[in-house]
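Asks: Since the structure of chain A is provided, determine the placement of chain B on it from the hints.
Protein sequence lines, in the order shown, are assigned to chains A and B.
With the numbering used here as the guide, the letters of the first sequence map in order to residues 1 to 355.
With the numbering used here as the guide, the letters of the second sequence map in order to residues 1 to 355.
Among the hints, a few may not be true.
In this list, chains with the same sequence are indistinguishable; a pair is considered to hold if it fits within one copy or across any two.
List of simulated lysine-lysine pairs, DSS-like, C-alpha gap at most 30 angstroms [as the list claims (entries may be wrong)]: (1) Lys251 x Lys143; (2) Lys35 x Lys251; (3) Lys197 x Lys268; (4) Lys143 x Lys196; (5) Lys268 x Lys124; (6) Lys157 x Lys197; (7) Lys239 x Lys124; (8) Lys268 x Lys196; (9) Lys265 x Lys251; (10) Lys124 x Lys40; (11) Lys239 x Lys268.
FYI, nobody ran anything at the bench for these hints, they're computed from the structure.
Protein chains: 2
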Amino acid sequence: MTKLSLKSALSPLCVLSSALLISAQAYAFEALPDKAPVPKDNPMTPEKVALGQQLFFDPRLSADGTVSCNTCHNVMSSGTDNRPVSAGVAGQNGGRSAPTVWNAAFLTAQFWDGRAATLEDQAKGPILNPIEMGMPHKELAVKRIESIPGYAEQFAKVFGEKSGVTYDNIAKAIATYERTLITPNSSFDRYLKGNKKALSKEAQAGMKLVEATGCTSCHNGPNFAGPIDLPVGQGFYQKFPVYPGSSYETKYNLSNDSGRFQVTKDEKDKNVWRVPTWRNIALTAPYFHNGSVETLDEAVRVMAKTQLNKELSDGDVTSIVAFLNSLTGEFPQQTLPRIPDLSNSSLVTMSDIKK
Amino acid sequence: MTKLSLKSALSPLCVLSSALLISAQAYAFEALPDKAPVPKDNPMTPEKVALGQQLFFDPRLSADGTVSCNTCHNVMSSGTDNRPVSAGVAGQNGGRSAPTVWNAAFLTAQFWDGRAATLEDQAKGPILNPIEMGMPHKELAVKRIESIPGYAEQFAKVFGEKSGVTYDNIAKAIATYERTLITPNSSFDRYLKGNKKALSKEAQAGMKLVEATGCTSCHNGPNFAGPIDLPVGQGFYQKFPVYPGSSYETKYNLSNDSGRFQVTKDEKDKNVWRVPTWRNIALTAPYFHNGSVETLDEAVRVMAKTQLNKELSDGDVTSIVAFLNSLTGEFPQQTLPRIPDLSNSSLVTMSDIKK
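Looking at chain A on its own, in the form it has when it is part of the complex (with noise of 0.2 angstroms):
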């Protein structure tokens, strides 16, 4: 098995959140966990799971029922939307790449920036964006939930009697289903728990070159984003483009959004994103927080030219891709959920659409 030792992975390249010591102990190649970590406050049970997964694909959670989470975080395929920007309510387009929800429980922040410790409070963003799902304000969407029957029973059921449905509650039901959106056994799993026929040459030659490449300096830990059990509020970041001036720069506009700096306003998160999953990777296209690359072939040669100086052969790119494809997991079968309807009567209105 690979080792990669953490004080490499952590060297100059890899930013934390904030001071944060680790001890320098070696690790390796991980294979993705069956279960994500679960929050003392939010335990898991099959019927919240079940109205979070209501929830996720209720479009009356925006404004002018016309988006849910699942619009742009697709969890009957990549768990995006495929599109380079995301759209919201009334047709407008967002700024950013929807990252895949997929195997997101392991990610210690949420929204390229991460201006969202845990998917509980990732949730509660988009529901309120105005270009996302375009709520006014919490009170609405907590409104409409608690008018459809249906819905109200099984919050009084999942969250008792008295809390009922709340909008922290609304997020805490959704960040449920989303702990269970987990994608194991990809061929690179097999491989790495000792089916040695599961990565073909070509992936494992990938394997090795991300590593000799310094691409795993960030793109580690199971879910290639780095540590996956860091303290709520640490995220794992990067600055891209690290080596500025690139062509690349130019031509994708990779420096245009300042990223985490619209977070922190600290001048030292300019241009700083979360590490992204290589999970699935070869699903999400396309590519970075813009969106703005098309094929995983060329997001690999732009991520080694601007963030480790380096121009790869076409041999090296086509094995990466690779090893890349290997990491596409098995997405779980789900039932169709039924969302539940409000009798006789409409709930999104003439007013609702009306601009």
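Replies: Coordinates of chain B only, in the frame set by chain A:
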């Protein structure tokens, strides 16, 4: 079992799309069949259903990758979007309310104005409609689908190597999936089949009232939308309003849209519409072709006045609504489809989403 003579059913109020002779046999309230009629040139297979389901949920059939069939005909709930009118690509609102896809397989005319005779013909419309899915031409839809290996393989298997991915076959697969969308075992159906406790007294009173009032002169047959076995091309239509000049007509803009006239350009088709189903009507608010009426109670009052020149008491409305609620069926559990992914590359590019 309450009987309704076909002669009264087809008395002046209801019109077929052209002269059609039906023998004057008596018929009665009818349960929903378990299976829909299947055209000879598009036989059902499990593989075709599965393919059709994937296509039904695939937003890449829209120009900018945001709108799938399911966006407006949400099978996770009522088979509609529960919006007054539907939203297509780029936040455009259409002019009519999405009819439910559940039990649409029993309709002999598709779209509110009957401009498609079959589910196959219907499926070809929205993809190319500039304010719905907005594909510039069918060749692009075909090109997109055939570029995705997971689709190309299935089309070859389902339709044979030679036909493969064609626009007709895309529509055939979608229509085949839609033929599985049937909601049996409503309280009403169980009552008809002998369980006399399945209908409340209120609903039973409503059942008598819809016949006595005259509603069933159009809303008859197992789908409450007229005969389900008319020859292809024969729809079951009705003028709306039959009695013009009511305050409802003004309040809800009932006559602004000329309906079937837009298809036939025949004066006698002005404000003529396909008779819509009553199945699951409790869940498909808001009501009418323009989605102008928010509640089922009001919809019942409007219909009695505009179609039969009757003013119902509040008690009668309550009974009729109770009966209509008994027409909510069971929605069969389905597996969440996996939509075939394209590897290492994106399909919807920045040029597709920029206007």
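Asks: Run every hint past the structure and note whether it holds.
Replies: Each hint tested on the structure:
no. : hint            : result
1   : Lys251 x Lys143 : between (46 angstroms within a copy, 28 angstroms between copies)
2   : Lys35 x Lys251  : neither (40 angstroms within a copy, 56 angstroms between copies)
3   : Lys197 x Lys268 : neither (45 angstroms within a copy, 71 angstroms between copies)
4   : Lys143 x Lys196 : neither (54 angstroms within a copy, 38 angstroms between copies)
5   : Lys268 x Lys124 : within (27 angstroms within a copy, 53 angstroms between copies)
6   : Lys157 x Lys197 : between (48 angstroms within a copy, 29 angstroms between copies)
7   : Lys239 x Lys124 : within (26 angstroms within a copy, 47 angstroms between copies)
8   : Lys268 x Lys196 : neither (43 angstroms within a copy, 74 angstroms between copies)
9   : Lys265 x Lys251 : within (26 angstroms within a copy, 53 angstroms between copies)
10  : Lys124 x Lys40  : within (19 angstroms within a copy, 50 angstroms between copies)
11  : Lys239 x Lys268 : within (9 angstroms within a copy, 69 angstroms between copies)
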